[in-house]
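Number of protein chains: 2
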Amino acid sequence: MSDQTITRVAVDIYGNTYKMAGYESAGHMRLVATMVDDKMREIQRTNPSLDTAKLAVLTAVNTMHDYLKVKEQMEQLEQELKQIKGGLNG
Amino acid sequence: MSDQTITRVAVDIYGNTYKMAGYESAGHMRLVATMVDDKMREIQRTNPSLDTAKLAVLTAVNTMHDYLKVKEQMEQLEQELKQIKGGLNG
Chain H
0 MSDQTITRVA
10 VDIYGNTYKM
20 AGYESAGHMR
30 LVATMVDDKM
40 REIQRTNPSL
50 DTAKLAVLTA
60 VNTMHDYLKV
70 KEQMEQLEQE
80 LKQIKGGLNG
Chain S
0 MSDQTITRVA
10 VDIYGNTYKM
20 AGYESAGHMR
30 LVATMVDDKM
40 REIQRTNPSL
50 DTAKLAVLTA
60 VNTMHDYLKV
70 KEQMEQLEQE
80 LKQIKGGLNG
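Taken in sequence, the protein lines are chains H and S.
Using numbering that gives the first Met the number 0, the first residue of the first sequence is number 0, and each one after it goes up by one.
Using numbering that gives the first Met the number 0, the first residue of the second sequence is number 0, and each one after it goes up by one.
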């Protein structure tokens, strides 16, 4: 559980420094930045002619896809859990 | 469940057209594109001086954060489900 102290970190993503601020730990923010940096470099390897803006947009698209997939899986699990709990109480 | 037909769609994100290809439905790909476009415009409103590349990187960062949060929640649910199923079988 995060407390209400704002954490500020400077992170490097694809050659640029970004100042991030949030209620998460510095470690979490650095992990997020590293994952985005890794994904940008991975996409760049298969699309070497893309400029940084398009590369970053495709990274966001890729991550949004992953987000929706995991969200869908979570909703299925919630449903399963609800049914099991309903079965236990019924 | 998706079949193995490759779907190709052209989507507009923040004024640029991207050609996407994947095993997902065209609807899913358009949803992903719309969500990225929305998030870019939302971040742009609070950071009007950012160039497109930085805006897109921050959109990726924001989405990666959301992804990790949902993934964490899903892992907790999986754990809970495992314990309940263990209890039922034990």
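Calculated directly from the structure, the hints in this document are not laboratory data.
Wrong hints could be hidden among the right ones.
Unchecked claim - Derived CB-CB ranges, DEER-like:
no.: 1; chain 1: H; residue 1: 85; chain 2: S; residue 2: 78; range: 30 to 36 angstroms
no.: 2; chain 1: S; residue 1: 5; chain 2: H; residue 2: 6; range: 39 to 45 angstroms
no.: 3; chain 1: S; residue 1: 85; chain 2: H; residue 2: 68; range: 40 to 46 angstroms
no.: 4; chain 1: S; residue 1: 15; chain 2: H; residue 2: 82; range: 18 to 24 angstroms
no.: 5; chain 1: H; residue 1: 87; chain 2: S; residue 2: 25; range: 15 to 21 angstroms
Unchecked claim - Computed, partial: chain H to chain S, Cβ under 7 angstroms:
no.: 6; residue: 5
no.: 7; residue: 8
no.: 8; residue: 12
no.: 9; residue: 35
no.: 10; residue: 47
no.: 11; residue: 52
no.: 12; residue: 56
no.: 13; residue: 58
no.: 14; residue: 60
no.: 15; residue: 62
no.: 16; residue: 63
no.: 17; residue: 64
no.: 18; residue: 69
no.: 19; residue: 78
Heads up, the beta-carbon is just placed ideally off N, CA and C, and yes, glycines get one too.
We went through each hint and held it up to the structure:
1. A hinted range of 30 to 36 angstroms is violated for the C-beta pair residue 85 of chain H and residue 78 of chain S, which are about 20 angstroms apart.
2. In this structure the hint that residue 5 of chain S and residue 6 of chain H lie 39 to 45 angstroms apart at CB holds, the actual value being about 43 angstroms.
3. Judged by the Cβ atoms, the range 40 to 46 angstroms given for residue 85 of chain S and residue 68 of chain H is violated: they are separated by roughly 27 angstroms.
4. For the hinted restraint 18 to 24 angstroms between residue 15 of chain S and residue 82 of chain H, the CB-CB distance of approximately 44 angstroms leaves it violated.
5. For the pair residue 87 of chain H and residue 25 of chain S, the beta carbons lie near 41 angstroms from each other, so the given range of 15 to 21 angstroms is not met.
6. Interface restraint check: residue 5 of chain H against chain S, minimum CB-CB distance 15 angstroms, threshold 7 angstroms, status violated.
7. For residue 8 of chain H, the shortest C-beta to C-beta distance to chain S is roughly 12 angstroms, which exceeds 7 angstroms, and the interface hint is violated.
8. Interface restraint check for residue 12 of chain H: the shortest CB-CB distance to chain S comes to about 5 angstroms, inside 7 angstroms, so the restraint holds.
9. Restraint check, residue 35 of chain H versus chain S: the minimum CB separation of about 5 angstroms is within 7 angstroms; hint holds.
10. With a cut of 7 angstroms, the hint placing residue 47 of chain H at the interface with chain S is violated, because the nearest CB-to-CB distance is about 16 angstroms.
11. Interface restraint check for residue 52 of chain H: the shortest CB-CB distance to chain S comes to about 4 angstroms, inside 7 angstroms, so the restraint holds.
12. For residue 56 of chain H, the suggested interface contact is upheld, since its CB lies about 5 angstroms from the closest CB of chain S, less than 7 angstroms.
13. With a least beta-carbon distance of about 4 angstroms to chain S, the hint placing residue 58 of chain H at the interface is held under the 7 angstroms criterion.
14. A least Cβ separation of about 5 angstroms between residue 60 of chain H and chain S falls short of the 7 angstroms threshold, and the interface hint therefore holds.
15. Given the 7 angstroms rule on beta carbons, the hint for residue 62 of chain H holds: about 4 angstroms separates it from the nearest Cβ of chain S.
16. A distance limit of 7 angstroms between C-beta atoms decides the matter here; for residue 63 of chain H the minimum to chain S is near 5 angstroms, and the interface restraint holds.
17. Satisfaction of the interface hint for residue 64 of chain H is found here, the shortest Cβ-Cβ separation to chain S being roughly 5 angstroms, below the 7 angstroms cut-off.
18. The beta carbon of residue 69 of chain H comes within 5 angstroms of a beta carbon in chain S, closer than 7 angstroms, and the hint placing it at the interface holds.
19. Restraint check, residue 78 of chain H versus chain S: the minimum CB separation of about 10 angstroms is more than 7 angstroms; hint violated.
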